[in-house]
Amino acid sequence: MLGSGIINGLIVTAKNFVGSYHDPKRMVTVEYPEQRTVLPENYRNFPFLISENATDPMGTLRCVACQICEKECPPQCIIIEKSKDKKPDASGKPQLYPAVFGIDTSVCMSCQICVEVCPFDAIKMDQVFEIAATDRFHDLFLTREKLAKPNSYYHQIHPTEAAEVDGRLNTERKAAEEKAKAAAAAKAAAAAAKSVPVAGVADPGPASPRPATPIQPASAPAAPATSPVPKPQDEPRSSPAGEGGPANPAS
Amino acid sequence: METVQQLRDRLAARFPAARVELVLNPGVAAEHSLRLDAALGRDIALFLRDDPALRLDYCSNVTGVDWPDKEITDVVKTTVPDPAGGPPKIVEEKSVHVQPGCLEAVYHLYSMSLKHGPVVIRLRTGNRADAVTLPSLTPVWRSCDFQEREIFDLFGIVFAGHPDLRRLLMWDEFKDHPMRKDYVEPDDYEWEPTAHGAVLERAKAHQLAAVAGVVDPGQSSANPPKAAPGSTTPATTAPVKEAKP
Amino acid sequence: MSCSDFNDLDAELTAFGHPGGSSVRAVHDQFHGDLLEVSMGPQHPSTHGVFRMVATLDGEQIVKLKPVFGYLHRNHEKIAENTTYLGSMPYTDRLDYLCSMSTNWAYALAVEKLSGQAVPDRAQYLRIIMAELTRLVNHACLVGFLFNDLGTSFTPLLYAFREREKIIDLFEALSGSRMMCNYQRFGGCRVDPTPEWLAAARTLVENFPRFLDEYERMLTGNEIMLARTQGIGRLDPAHAVNAGLTGPVLRASGVDYDLRKVDGYGFYPRFDFRVPLGAQGDTYDRYMLRILEMRESVKILVQAFRDLPGGPIMDPKAKLRSFRPKAGEAYGRLEGPKGELGFYLISDGTPNPYRYRVRPPSLINLTLLEEMCLGHTIADAVVILGSIDIVLGEVDR
Ligand code: SF4
Ligand code: SF4
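Residue numbers (numbering that gives the first Met the number 0), protein chains in the order written: chain C, 0 to 250; chain A, 0 to 244; chain Y, 0 to 396.
Chain C extracted, bound-state conformation (with noise of 0.2 Å):
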């Protein structure tokens, strides 16, 4: 019969239209902002940086500025500018950290590669959306203090991925830990056979002390490099801790 395929049609929409009204279900669509849908945990935006501590941001930033994502980030949307002098990371070992670190979320695309690239786990991809600002020069551009947050933040946005960079880093630090030991006592050994000192001859870490003028880091509230008690203080984990042993093994 000529139309009953519209009247088919108005079927369903019928149906679908009074259903709407009976079965959650069929409701399709969320009345934002005032209700909000669950964001997965793997949805990305745009990247921050982990710092340890959340009381010192700046002190604390896990990125090492090796500069690496700046290189590989596609649209150049990252810089970086090397710190002058050395500040101790987790474990201990005095780091260069980004005096300067800014990213264009004007320019930047989302794609992740900076964090597929960092080595050091010192950069993630954040999930603030509501980012409208008037001005794109200063309010989209992020430096470094807009882009530090603490590493309990990455475990509340990204629970399992953090667990897991969490454990790894913590099996690093261990590792390490435990083979600057054994230098440390095959060092000792050594020098107890020779009995000639060899004190800081060839390992730039923690065992050799700076210069005996030390450059005491500008903008670092934490404690300077040389100091015998180097590791910056951990806030606590929803991992299990384990970074740095009870003393400063090399020490």
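Treat the hints as calculated values from the structure; they're not laboratory data. Hints are not guaranteed to be accurate.
Claimed, not checked - The calculated lysine-lysine pairs, modelled on BS3-like cross-linking and capped at a C-alpha distance of 27 Å, are:
#1 C/LYS70 x Y/LYS77
#2 A/LYS203 x Y/LYS77
#3 C/LYS148 x C/LYS83
#4 C/LYS70 x A/LYS93
#5 C/LYS81 x A/LYS203
Since chain C is already given, all that's left is putting chains A and Y with the ligands on it; use the hints.
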């Protein structure tokens, strides 16, 4: 399907006047290609399309490749006997010769009826400046239509016999060919807060030009230069200096 | 209407707005007499983006139609030649932004061919899952938009978008982004789906035929739809092959050419599915073919979920950074939802490709737009364009 080598021999027998070269692909894919004589390109293309054993009725991909002039340094070693009777000296003579560049059109042919392929054919222009004409293969495969227009647009190869050779992506008044390797981007650089490396170099040059534009007496003083963010920011290296205690 | 009327009209229109290029103007053709030239686009909602066509009308009939491109041109190829192989991957998302998963795969496929990179089994299956889900997204969208072009404003589109939304929510949960998935890597995939994700995807796929049935009940028998699509925009197979048309547009004309069967890339030879073919090559066939392809995709997906093996998703030899393929060239192609999507790469051994070329199915499928539209009205041209299925991000690159 016959191999590219066999195909080359067959083409050489069929078109004795044409030069058909085998271009080996050293990569893993090993898709070798045939470089055809541009003058007889269309005849060979017709043959490829209609030959019952090949029936390459589908031209999938057409693209241009720019090969700029390349400087090649030859080192010639000659042994010169020492007139004083000493050991002969080895003299190295370096000579630089320029391998002339060219533009190339690459066609990937498949057969839809016999379901084989690809056969890759290439046509080369004489140089990159004035002898840039190649025969258009659009009369053979209609699918070359837009793609040859695109090559004309972005590489500057002129396809003789193309029914409607206009720019495809750039506007008609545009002068240059952006996909050429020596294409110089116009200086319409927008200031970026994260400039570094090559971008920073360009940004600096741009700012110098902008500053030069300010002192240019030809400019009307009643029309001060626009306070673009780029010209007002002196240091692009570190736009956000951090306050250090 | 006399010629002078036309000139008056022309003058009026010119005075009305654009001095250089009015959107309607009178032209005179020695053969047809007085004609009207209408410029549709680039800001016309029915051109699916910033596409423009200049149609010359004799009365209501189209006698000439010239597409104009380039409004979204950003020279993707040049950008890619100036960045690393990995760096181009997120840019490929932006080519066909409805189908980023399969565009990613096409690029990964070409690079893997260029470098001889192996891909583990699980990743191969995941790629097929993603590609077929993308096909569902694309075809559902296309069918919705096609009805929009037909004038059934929005209801069919929203029905299609409801389903699409579920799939892109899955993509978001997996890759982090709804449309810019950036999921494939050279030698595997980026994220391994969790069992919950797989379960959700499987439920979705199992319910998808229900949606198709509902959709078809709503629209396929609709008499207006039949009148507007049957016999409109006929395309004969010989022309289609010669013009390099691929994908559903070609198969709707009855040419059996599906790269999933012909090339058998990935693990497609392991799957049991059929390639639907059209008979008339008109707009209706192109619509029905999409519906049938979605049903076949569901079949593939069900098999893929059933057979998905465990194991790694990245080849251990795969390199993320400092990836330098050996000098050489490769052309990798696959059956994207819109047609043959190919990447032609020339490597000179450096980290950046020497030549990077995208073979855009959307652009080449427009080759015969004029022939398909001749003799029809503007309203039909809109529907024909809708049935070809273009995305301007890919047409203009
Ligand atoms: S997400 Fe991508 S674009 Fe954004 S900063 Fe990281 S690498 Fe650059
Ligand atoms: S974020 Fe990571 S890759 Fe980037 S500079 Fe810091 S440590 Fe290096």
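Against the structure, the hints:
Restraint check: the Cα-Cα separation between C/LYS70 and Y/LYS77 comes to about 18 Å, which is no more than 27 Å; the hinted pair holds. Restraint check for A/LYS203 and Y/LYS77: satisfied, since their Cα atoms lie roughly 23 Å apart, inside the 27 Å limit. A C-alpha spacing of about 23 Å is found between C/LYS148 and C/LYS83, which places the hinted pair at or below 27 Å, so the restraint holds. Restraint check for C/LYS70 and A/LYS93: not satisfied, since their Cα atoms lie roughly 37 Å apart, outside the 27 Å limit.
About 21 Å separates the Cα atoms of C/LYS81 and A/LYS203, which keeps this hinted pair within 27 Å; it holds.
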